[in-house]
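S.K.: If you read the protein sequences in the order shown, they are chains S and V. At position 49 of the first sequence the residue is numbered 49 (the working numbering), and the sequence of numbers has no breaks. At position 116 of the second sequence the residue is numbered 116 (the working numbering), and the sequence of numbers has no breaks.
No lab work stands behind these hints: they were computed from the structure. All values reported here derive from a predicted model rather than from experimental measurement. Just so it is clear, CB atoms sit at the ideal spot from N, CA and C, and this is done for glycine as well. Careful, some of the hints might be misleading.
[As the list claims (entries may be wrong)] BS3-like cross-link-like pairs, simulated, lysine-lysine; straight-line CA separation at most 27 Å:
{"#": "1", "chain 1": "V", "residue 1": "K82", "chain 2": "V", "residue 2": "K94"}
{"#": "2", "chain 1": "V", "residue 1": "K99", "chain 2": "V", "residue 2": "K39"}
{"#": "3", "chain 1": "S", "residue 1": "K35", "chain 2": "V", "residue 2": "K94"}
{"#": "4", "chain 1": "S", "residue 1": "K49", "chain 2": "V", "residue 2": "K40"}
{"#": "5", "chain 1": "S", "residue 1": "K35", "chain 2": "V", "residue 2": "K82"}
[As the list claims (entries may be wrong)] For each label pair, taking beta carbons as the anchor points, the in silico distance ranges come out as:
{"#": "6", "chain 1": "S", "residue 1": "S10", "chain 2": "V", "residue 2": "K214", "range": "38 to 44 Å"}
{"#": "7", "chain 1": "S", "residue 1": "V55", "chain 2": "V", "residue 2": "S188", "range": "31 to 37 Å"}
{"#": "8", "chain 1": "V", "residue 1": "R108", "chain 2": "S", "residue 2": "P51", "range": "17 to 23 Å"}
{"#": "9", "chain 1": "S", "residue 1": "E16", "chain 2": "V", "residue 2": "Q45", "range": "40 to 46 Å"}
{"#": "10", "chain 1": "V", "residue 1": "E36", "chain 2": "S", "residue 2": "R42", "range": "38 to 44 Å"}
{"#": "11", "chain 1": "S", "residue 1": "Q52", "chain 2": "V", "residue 2": "T192", "range": "37 to 43 Å"}
{"#": "12", "chain 1": "S", "residue 1": "A22", "chain 2": "V", "residue 2": "T210", "range": "29 to 35 Å"}
{"#": "13", "chain 1": "S", "residue 1": "V55", "chain 2": "V", "residue 2": "E88", "range": "32 to 38 Å"}
{"#": "14", "chain 1": "V", "residue 1": "N85", "chain 2": "S", "residue 2": "L9", "range": "34 to 40 Å"}
[Unchecked claim] According to the in silico footprint, chain V covers these stretches of chain S (three or more CB under 8 Å from chain V):
{"#": "15", "stretch": "15 to 24"}
{"#": "16", "stretch": "34 to 43"}
{"#": "17", "stretch": "56 to 62"}
Residues per chain are reported as follows:
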Amino acid sequence: MSCALDCELSAREEEEFLKHLAECPECAAEFTEAKKTKMIIREKIVRVKAPQSLVESILRLGTHTNPQAEGSLLFDQL
Amino acid sequence: MVQGNIPGKELKPVMDTNEFSEKKKPRTGRNTLSREELKKQQEFQQEAVTHINSLYNYALHLTMNPDDAENLVQETYLKAYKFFNSFERGTNCKAWLFKILKNNYINRFRKNSREPGKVDYDLIKDFYHSIKDVRSDTSEAESDYFHSLMHEEVYQALQSLPEEFREVIQLCDIEGFTYEEIANMVESPIGTVRSRLYRGRKLLRAQLETYARKYGFNTDSEE
């Protein structure tokens with residue numbers, strides 16, 4: 001069921017699954033509900049943009065303008 | 001194995017070796033980037049920095065605090081940049097970054113966080129209010145009971161799940177990772193991921209129906 005929902009079935013498995021759904025109203029109903037739940041999560045969980053300051057500081061990585069941060073990372077790992 | 005080497009505590013000896021060999025290099029030309037460094041930077045921006053919004057959202061959901069999330073993302077990218085050479089080209093860079101972020105989160109934040117399984121609803125409310133301004137509203141055209149649910153409630157329902165369930169649902173439904181990628185990230189077999197997804201969604205559905213019932217929607221589809 002989960003595999004079908006997440007498009008993780010092989011073509012043959014999917015064919016079998018759909019065949020079963022056509023014959024089994026219980027599974028068909030459960031599958032509809034499961035699809036709905038997945039959709040609701042995708043739709044209702046709010047996505048925010050990363051703050052511009054953060055994006056900019058990450059774009060500067062590698063330009064050596066951030067020696068302090070690199071230093072603390074080194075310290076952190078040792 | 002899908003991913004390349006993941007910077008994290010388990011690979012520490014390897015990382016330290018890299019670290020030292022890097023530090024031993026002469027420090028000349030610090031202000032002018034070498035051609036190699038420029039190439040690396042360009043590739044890093046194309047491959048890794050494009051996922052910054054997803055990483056930030058994931059960090060927000062883990063920490064529930066914008067400042068912590070920002071630090072976590074910053075640290076993740078610092079590590080990723082440093083060890084970008086060990087990223088296996090052609091594999092999913094977003095999955096690699098998520099794994100680094102998760103490791104960082106465990107090392108840094110989780111030790112002094114709230115008890116597992118305990119949900120602080122006030123914290124969720126505050127969190128939601130703090131990000132409400134920037135959200136993009138979805139259309140509410142359908143009169144389906146699920147569509148009556150508020151963002152906040154769906155979020156609460158998700159947060160009320162045990163962490164192992166919540167995590168796989170987030171990675172699968174929100175971030176769109178494959179089972180194989182998720183299995184690698186949570187360090188469990190694919191079968192475990194599958195069963196967690198199944199059980200987690202069942203729990204989530206029950207929780208959402210409770211909210212829906214509050215609004216007087218009849219959720220018993222058999223009747």
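S.K.: Now look at each hint and say whether the structure bears it out.
M.R.: How the hints compare with the structure:
no. : hint                       : in the structure
1   : V:K82 / V:K94              : holds, 16 Å
2   : V:K99 / V:K39              : holds, 24 Å
3   : S:K35 / V:K94              : holds, 25 Å
4   : S:K49 / V:K40              : holds, 25 Å
5   : S:K35 / V:K82              : violated, 41 Å
6   : S:S10 / V:K214: 38 to 44 Å : holds, 41 Å
7   : S:V55 / V:S188: 31 to 37 Å : holds, 32 Å
8   : V:R108 / S:P51: 17 to 23 Å : holds, 19 Å
9   : S:E16 / V:Q45: 40 to 46 Å  : holds, 44 Å
10  : V:E36 / S:R42: 38 to 44 Å  : holds, 40 Å
11  : S:Q52 / V:T192: 37 to 43 Å : holds, 39 Å
12  : S:A22 / V:T210: 29 to 35 Å : holds, 32 Å
13  : S:V55 / V:E88: 32 to 38 Å  : violated, 25 Å
14  : V:N85 / S:L9: 34 to 40 Å   : holds, 37 Å
15  : 15 to 24                   : violated (count 0)
16  : 34 to 43                   : holds (count 9)
17  : 56 to 62                   : holds (count 5)
Hints 5, 13, 15, counting from the list given before, are not met by this structure.
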